[in-house]
Amino acid sequence: MDDRAHLVRAAAIWVALAIVADLIVGFLVAPHMPPGNFSNTASDQTHINNVLALIMTPIGVGVITFLVYALVRFRQPPGPLQDGPPVRGHRNLQVGWVGVTASIVIVLAVLGTIELVQAPDSSAGAGAGGGQGPSPISRPSGNPLVVQVIAQQWQFTYRFPQYGGVETFSLALPVGRTVEFNVTSIDVIHSFWAYQLGVKADAVPGANNIAYTTPKKVGLFQIRCAELCGLWHGWMAAKGHVLSRAGWARWIAHERIANAPATHYLPPYAKVYYPAPLERGG
Amino acid sequence: MQPPNPREGSISRSARILCTLGGTLVVAALVGWYVVGYAISLPPTVPQARAAGVTNITVQTVASYGHQPHPDWVSYLVKNTQGQWVHSTIWQVPAHSIVRLTVYQYDGNSGLRNPFLGQPRGIVGGTMTVNGKPYHVLNPDDASHTFTIPDYGVSVPLKGVADDAPNQCAVTPCTMQQAHNTIVFEFRTGKPGWHRWQCFVPCAAGWLYGFGGPMQTVGWMDGFLKVV
Amino acid sequence: MSAMETPATAPAPAGTGRSGLLTFNLLWGLVGLVAGYAIGLWIGHRMGSRFDWTADIDYNDIAVLLGYALGTLGYLGGLGLLNHPIARLFGRSARDVAPRTGWARYAQASTDHKVIGNQYLIGIGVFFFIGGVNAMLIRTELLRPATPTFSPGQYLTIVGLHGSMMIMMVSSIILGPFGHYFVPLMIGSKRMAFPRLEALSFWILPLSGLILTTTIAYGGFPTGWTGYPTLASQADIGMDGYLFSFALVGVGMILNALNMLVTVFNHRAPGMTWARLPIFVWSMLTTSVLMLLGPPMLLAAAFMEVLDRTSGTAFFSSSTGGSPFLWENLFWFFGHPEVYILALPGFGIVLEILPVFARKPLWGYRLAVSGMLGVTLLSFMVWQHHLFVSGINSSLRPFYMLTTELISVPTGFIFLVGIATLWRARIRYTVPMLFALAFFVNFLIGGLSGVYLSDVPSDVTLHGSFFVMAHFHYTIMGGLVFAFFAGIYYWLPKMAGVELNETLGKIHFWTAFIFFNSTFLPLFAVGMMGMPRRTATYAPHLQFLNDWVSVSAFLLGGSMLVFLGNFVWSLVVSRVPAPANPWMARSLEWQLPTPVPVGNFDGPVRILAGPYEYGDPTAPPVMELGHAVVPSAGD
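Chains as they are written, first to last, in the working numbering: chain A, 116 to 397; chain B, 258 to 485; chain C, 809 to 1443.
Mixed in with the good hints, there may be bad ones.
[Stated by the list, open to error] Rough simulated footprint, nothing fancy, chain A against chain C, three-plus residues with beta-carbon under 8 Å:
hint	region
1	975-982
2	1200-1207
3	1390-1404
[To be verified] Below are the BS3-like pairs computed for lysine-lysine, each with C-alpha atoms no more than 25 Å apart in a straight line:
hint	chain 1	residue 1	chain 2	residue 2
4	B	Lys336	B	Lys390
5	B	Lys448	A	Lys354
6	B	Lys390	A	Lys354
7	A	Lys332	A	Lys354
8	B	Lys483	B	Lys390
9	B	Lys448	B	Lys483
Just so you know, the hints here were simulated from the structure itself, not pulled from any lab data.
Positions of the beta carbon are idealized from the N, C-alpha and C atoms, including for glycine.
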């Protein structure tokens, strides 16, 4: 069999396998793709994960197909050691490969950028839920609920500046309202990861890290610390709640009353805090 | 490795086999020592007795342990069912019950990094008793330690002893005659499982930010509640 | 070569060096280490004892760091590595340590690059083993989601030791043994450019591994291999051990790189043009560029952190005017080239091995070289992808997303070159070839998962999760370590003159490949389902996957033991002598006899053709040995 016939055969196998694989990915995997659709930012990420999966799958299948084809068909025959043909390269194939791979990569980068800097009025979230630093370039429009996430070793606490600066031990959010998380730390670097909300923002002492999301359903979400912060890093987890609007209004009112004694001693709300006991303590 | 120089004479095959076996045993022993001596080193679990539906745990928090391996580390100690003080922070309590924790607090105050934790939470009735008086909130600067179980939402600040109080404790176990505050509170346990607890006051003297050493070592200022 | 150079490889005449144990060797190095350490501790204690916070060894970082510093000097002195600098300081010529023969060669600071290559093999192997034991412990802890098996503090140190051992020590797993042994042979040189520096850069490695291992006596370190402040500033004395040993490794990397670059530039035999250079040597060259330019940032960062911990400076402490972001950027500016230091040698070995067992020239040689050069260049422009959600200026993110995605283009060249080399070939399935082929499968999965991580929206969930873990284990372990195994089965017959048992080799390969994929493939799912890195607890619904991964990991460890057993048995006990060219390869190192003589080549070498001219009956032999005087392009 000559070279062209081998290539055509392998390419045909590739196309067939790629179509099957993409169908499997598109119909069986995509509906279950993490992180899910609990919030608009999670939906953003699920969408881009599905796009990447659909693009990556044919590429991976292609490499494996040509590799396995070569391994199966081009073996050393029994007998004295034979050499293969002295082919050293093929200019058009090399140029074509460079062009095609570079184009795919640029398309992916453009897609990712679009997903990241979505127009604020679109139904998708801004910034895909990631921490954007103190001056985010993608902000959703409207009046978000501001929640400050204070990370400390080894618990997250939450402050609501629009509600008297009350601080709470656990997190509850109203459904359907855009949330602006201002994540900071008062000791070491942590990372606030609300899995179902698709939010992750590093909590850096002395810095404010802003992330946006809009929860779409009522229910529970998992909060974990995603940056090694010391002994109990792995245990630094909690459950957050998304409540109905009325339920959340009752919750925040209850928290304001219950935490009033503590609020009395809190420093005024600020984007970052530099707490006093920071030297060699004792 | 090049074959041994024939001028020096080769080592016999059986000698080589013996050396290999010997080397394997040495390596296995080292690995075993590492696992048993270093990795598995949780302090002992101290069971607590239940009486009339309430499990009483008595602990003391001290400014310096006073014994090896770390004489000047702050620490918690707990009383076992025989009434002796044990240096362990893993306490075994029954599930779905009320636990009354009595803390004899011997350490001076360091102040809370987050003043929010000056308010006790997650405890039965919402108040703690400090030296007999009920407190709804503690001035954060007066806190010496906290006892916090994040899983249960339990957090209680522990009032510090004044710096100029006479008769301060330096070596454990501390006695009732030495300067201390007594803090009592109750909380409910849930299903069986392991729940971590920790202190939130940066009280580790000698470490930057006060959170090194004993603050990050189970057996001193961190521990587990083993609910069975 | 200047007239003042003492010839490094000429053995000292008998009787001029002290013999037996009373000479500069590892034993005296260890004595010097302990003595220097004790003196440093004593000095630091005297300095610190008057102050409350440093009165106890628990807090006295300065004593421990001085101990490490003086211990390092004592260790190097005992090994004889300071002889030459000190003698030149006094204007005298230095006498080299008499080289020993037999097994004792490996316990001294040898200047023979072949001895050093073998020393690297054993030295790195020891720390790879320790890192592997720690990995088994990590997977043991992760069998149960909510019950601690090990004390949480010790577990964090185990995690940190695993990562640090692997990155610090194992980063040279190919450049060390195979780079040092074979680069001079492949380019027709009798030595590396700087033999004494080569010995120094080797002996630094066991020292830093020892310091890292002994951090457990000082409370370990809680930061993992990335050493982020402010946690690093808070930590016990073990943190200083980590910082010092990482800095030492960095110094060793810079020296190694310098040596390798000068050797390849200046010591090529006549006729060894850039177009005939074996692809493995190209990979060593590009790796050395990264190893030269990345570690200085690490050294700077480590030094600043030491100052923060000991002297109250505020480089990384925001409350006193610094910023933890500074460490993140300095570290990852080194850290990203570091991971390409881990990837490029793997490319080099597999592309070197493929033509031999496919009996075809390397297809697209120039494309492969451009791929390596492209990776080298781009690797300095991508480091912010480790900080996508850290709170960096969000307008930077699209740029770094682009550069990170672009780096997969030169990486892709390697795949095209590999598959095209196999196309229409005559493939022999020897153990080295199996590992080289598995490299392509593993690196494909690792590389494709990297595309997810480079995409910022996707990275929001995946950063800091087990997905990242699976990605880098696929590229580093599935890549570098599998390439290392390919290299060891391929080259051990030349390095040690013995053959490894082929049946055990095939068992090792299949168990390693199957259990490696069984261990790390589910971790992509585990990460996507929300499990963060470096934890000992996780959500209960992930227990089945974690248990599957743990059991696979134990079996993978077992497969490593199969290799270890084969290696030790073949090398120490059965010692089946290997022919000079068991694979019938064309490259220069296989044209030499086994064992390779001390000066490598009997006379001046002239290169006549490249090493991949299989299938071309008109191709001349690779080299000719002659005594004619030729204009030298090298030595």
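**OP:** Hints the structure violates: just list their numbers, smallest first.
**Re:** The structure conflicts with hints 1, 3, 6 and 8, although it agrees with all the remaining ones.
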